[in-house]
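Enquirer: Sequences listed follow chains A and B, in order.
If you count the first sequence from 1, position 1 lands on 1 in this note's numbering, and the numbers rise without skipping.
Add 273 to the 1-based position in the second sequence for this note's numbering, that's all there is to it.
Careful, some of the hints might be misleading.
List of simulated lysine-lysine pairs, BS3-like, C-alpha gap at most 27 Å [said to hold, decoys possible]:
#1 B:K448 to A:K103
#2 B:K448 to A:K76
#3 A:K153 to A:K103
None of these hints come from the bench; they were simulated from the model.
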Amino acid sequence: MINVENVSYTYPSGINALKEVSVEIEDGAFVAIMGENGAGKTTLVKHFNGLLKPNEGNVTIDGINTRELSIAELSKKVGLVFQNADHQLFCETVEEEISFGLKNFGFSDKTVKKRVEWALEILDLAQYRKTSPLMLSGGERKRVALASIMAWKPKIVVLDEPTLGQDQNQKERLLQFIKQLNTQGNTVVLVTHDIEFVAECNPRVILMAKGEIVADGPAKKNLTNRRFVKKASLILPQITQIFNELADLGLPKDVIGTYEAKQLINNLIKGEQ
Amino acid sequence: MSVFDGLRFKRTSSPVHQIDPRVKFVTSCIIFILAIMFTELLPLIVLLSVQIPIVYIARVSKEWFASLKSSLLLAIIIFVTNAVVGYMSSDFKLTSSTLTYSVSMTLRFITLVASFSIFFLTTSPDDLGLALEQSHFPYEFSFAFTTAVRFVPVLANEAQMIIDAQRSRGLELDKGSFMKRIRNYLPILIPLIVNAIRRSLELAEAMESRAFGAKKTRTSLFSLQIKIRDLLVLIISLFILAASIYVRFNIEIPMIKIPTF
Numbered sequence: 001m002i003n004v005e006n007v008s009y010t011y012p013s014g015i016n017a018l019k020e021v022s023v024e025i026e027d028g029a030f031v032a033i034m035g036e037n038g039a040g041k042t043t044l045v046k047h048f049n050g051l052l053k054p055n056e057g058n059v060t061i062d063g064i065n066t067r068e069l070s071i072a073e074l075s076k077k078v079g080l081v082f083q084n085a086d087h088q089l090f091c092e093t094v095e096e097e098i099s100f101g102l103k104n105f106g107f108s109d110k111t112v113k114k115r116v117e118w119a120l121e122i123l124d125l126a127q128y129r130k131t132s133p134l135m136l137s138g139g140e141r142k143r144v145a146l147a148s149i150m151a152w153k154p155k156i157v158v159l160d161e162p163t164l165g166q167d168q169n170q171k172e173r174l175l176q177f178i179k180q181l182n183t184q185g186n187t188v189v190l191v192t193h194d195i196e197f198v199a200e201c202n203p204r205v206i207l208m209a210k211g212e213i214v215a216d217g218p219a220k221k222n223l224t225n226r227r228f229v230k231k232a233s234l235i236l237p238q239i240t241q242i243f244n245e246l247a248d249l250g251l252p253k254d255v256i257g258t259y260e261a262k263q264l265i266n267n268l269i270k271g272e273q
Numbered sequence: 274m275s276v277f278d279g280l281r282f283k284r285t286s287s288p289v290h291q292i293d294p295r296v297k298f299v300t301s302c303i304i305f306i307l308a309i310m311f312t313e314l315l316p317l318i319v320l321l322s323v324q325i326p327i328v329y330i331a332r333v334s335k336e337w338f339a340s341l342k343s344s345l346l347l348a349i350i351i352f353v354t355n356a357v358v359g360y361m362s363s364d365f366k367l368t369s370s371t372l373t374y375s376v377s378m379t380l381r382f383i384t385l386v387a388s389f390s391i392f393f394l395t396t397s398p399d400d401l402g403l404a405l406e407q408s409h410f411p412y413e414f415s416f417a418f419t420t421a422v423r424f425v426p427v428l429a430n431e432a433q434m435i436i437d438a439q440r441s442r443g444l445e446l447d448k449g450s451f452m453k454r455i456r457n458y459l460p461i462l463i464p465l466i467v468n469a470i471r472r473s474l475e476l477a478e479a480m481e482s483r484a485f486g487a488k489k490t491r492t493s494l495f496s497l498q499i500k501i502r503d504l505l506v507l508i509i510s511l512f513i514l515a516a517s518i519y520v521r522f523n524i525e526i527p528m529i530k531i532p533t534f
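Modelling step: build the complete structure from the supplied sequences, incorporating the hints.
Expert: Structure (C-alpha cells):
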C-alpha cells in the first residue's frame with residue numbers, strides 16, 4: 001500500500017515539480033499515471049522507492065515512512081523500471097545483468113540462479129543468456145531491464161514509459177505481461193503518455209498536470225472526459241473518438257477498449273438486420 | 274556537480290556579458306599574470322576585491338560564490354601544504370612570514386579561480402567558439418571544444434539518472450570497504466561511458482548528414498566585432514598590466530604581515 005500525503009517537492013534547481021499531491025494506491029491495484037512531459041509523473045514515482053524524499057508531506061509504503069528506510073530497503077518492495085534501459089545495463093551477459101540486483105539484496109547463490117532462470121523465462125530472453133545486453137535491440141534491452149527488476153519479485157512494480165520505442169507486437173506482449181503480473185496480486189503502476197496502451201489495459205487512471213493531480217478514477221471515466229484529457233495534454237483514445245462521432249447512432253460515448261467496441265458494433269448490426 | 278556549476282554559462286544580459294569574448298579572455302589572462310606576479314598580500318587582496326563589483330554588474334554573484342565555495346577544499350590543501358613546508362623548513366617554528374606566504378598562495382589560487390569563473394559564467398559557448406574561430410583556430414578544434422563544454426551539463430544530468438537507476442536495483446554506493454566502494458562506481462561509469470560514445474557517434478553522423486566539413490572555408494551567421502567599449506576595456510586592462518609591472522620592479526610594496534599567535 002502506497003500512501004502519499006500532501007507531498008510537495010522542489011528540485012535543487014528551483015523547479016517546483018509536485019504541489020501538495022495526495023494519492024493512495026492499495027495493494028494489488030493497477031494504476032496508470034498520465035500527463036504531459038514535466039507534469040511531475042516521474043518525480044512522483046521516484047518518491048515510492050525513496051530516490052526522492054518529500055520536502056513537505058509524507059510518503060508511506062505499507063505504513064512505513066520512506067524517510068526511515070534506505071533506497072535499497074524500499075527498492076526490494078518497490079521495483080522501479082526506468083524509461084531508458086541504457087541507463088542501467090553494464091554487465092557482460094544478460095544473465096549477470098539480471099543477477100546484479102539479486103546479489104545486491106543478498107540472496108543465496110541457489111536462489112539467484114533460480115530467479116535468473118525464472119526471469120529469463122517469463123520475459124522470453126533465455127536464448128540471450130550469454131549475450132552482451134549492449135548487443136541487443138532496443139526492445140530486447142528494455143526487456144532485460146525489466147527482467148533485472150522482476151527477478152527479485154518486488155510486490156509493487158513501477159514502469160516508467162514502458163512502451164516507448166516498442167513496436168506494436170512488443171506492446172501487445174507487454175500488455176499481456178502486465179495484466180498477468182496484476183492478476184498474480186502485484187501492484188502495478190504505469191507511468192506513460194501512451195493513451196492507446198492505457199485504454200487497452202483499463203486501469204485506474206491518475207491524470208497529472210503542472211505538478212498536481214487533475215483527475216483520479218477509472219480509465220473509462222477519465223480517458224473519455226475531453227476536459228480532463230485536454231488538461232493533461234493528451235488526446236482521446238482513437239476508439240473513443242470514433243464512438244463520439246457515432247453517437248448519433250445511439251452508441252455510448254465512453255468506450256475505450258477494442259473488446260467493448262466490438263460488442264457494441266456487433267449488437268448494432270444485429271439490431272439492424 | 275557543483276564544481277561545474279561555477280563554470281556553467283548563465284544566460285542573462287549584462288554589460289559584462291556583452292564584452293567581446295576575446296577581450297574578456299585577455300582580461301582574465303591579465304588577472305592571471307598579475308596574480309602570478311605578486312606574492313605580497315596587499316596586491317592579491319586588491320586583485321580579488323576588484324572582481325566583486327564586476328560580478329555584481331554581471332549578475333552572476335550566486336554562481337560565482339558557488340564556484341569559490343567548491344574550490345575551498347583545494348584552497349585549504351594549498352594553505353596547509355605551504356604552512357607545513359614553511360613550518361618544517363624554519364626549524365619547526367610557525368613564523369609570521371610563513372603564515373603570510375601561505376595565505377598569499379591561497380589567495381592567489383582563489384583569485385585565479387575567481388577570474389576564470391567570471392569568464393566562463395559570462396561567455397556563452399557559442400561566443401567562445403566564434404572567438405576561437407576568428408582567432409584562426411582550426412574549426413575542428415573550436416567545434417570540439419564548444420561541444421565538450423556544452424555536453425558537460427548533459428553528462429551530469431545523465432550521471433544522475435544512471436545513479437538513480439542503479440540505486441533502484443539495490444546498489445549502495447557508500448557501503449563496504451574502500452576497494453568495494455570504488456568497485457561500486459563501475460555500474461555507473463560503464464553506462465555513462467557507453468552512452469557518451471554512442472552519443473558521439475550519433476552526433477558525428479548527424480553532423481555529416483548536414484555536410485560538416487564539406488567546404489574548407491565556412492561562413493558564420495554571426496561575427497564578433499570589437500566595439501569602442503571593448504577597446505576601452507582592453508586598453509584599461511593593458512594599462513593596469515603595464516602599471517603593475519612598473520610597480521613590481523620599481524616600488525616597494527607595503528607589507529601586510531599576519532601575526533602569529
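Enquirer: All the hints need checking, so say for each whether the structure fits it.
Expert: Okay, the hints, checked on the actual structure:
no., hint, in the structure
1, B:K448 to A:K103, "holds (14 Å)"
2, B:K448 to A:K76, "holds (17 Å)"
3, A:K153 to A:K103, "holds (14 Å)"
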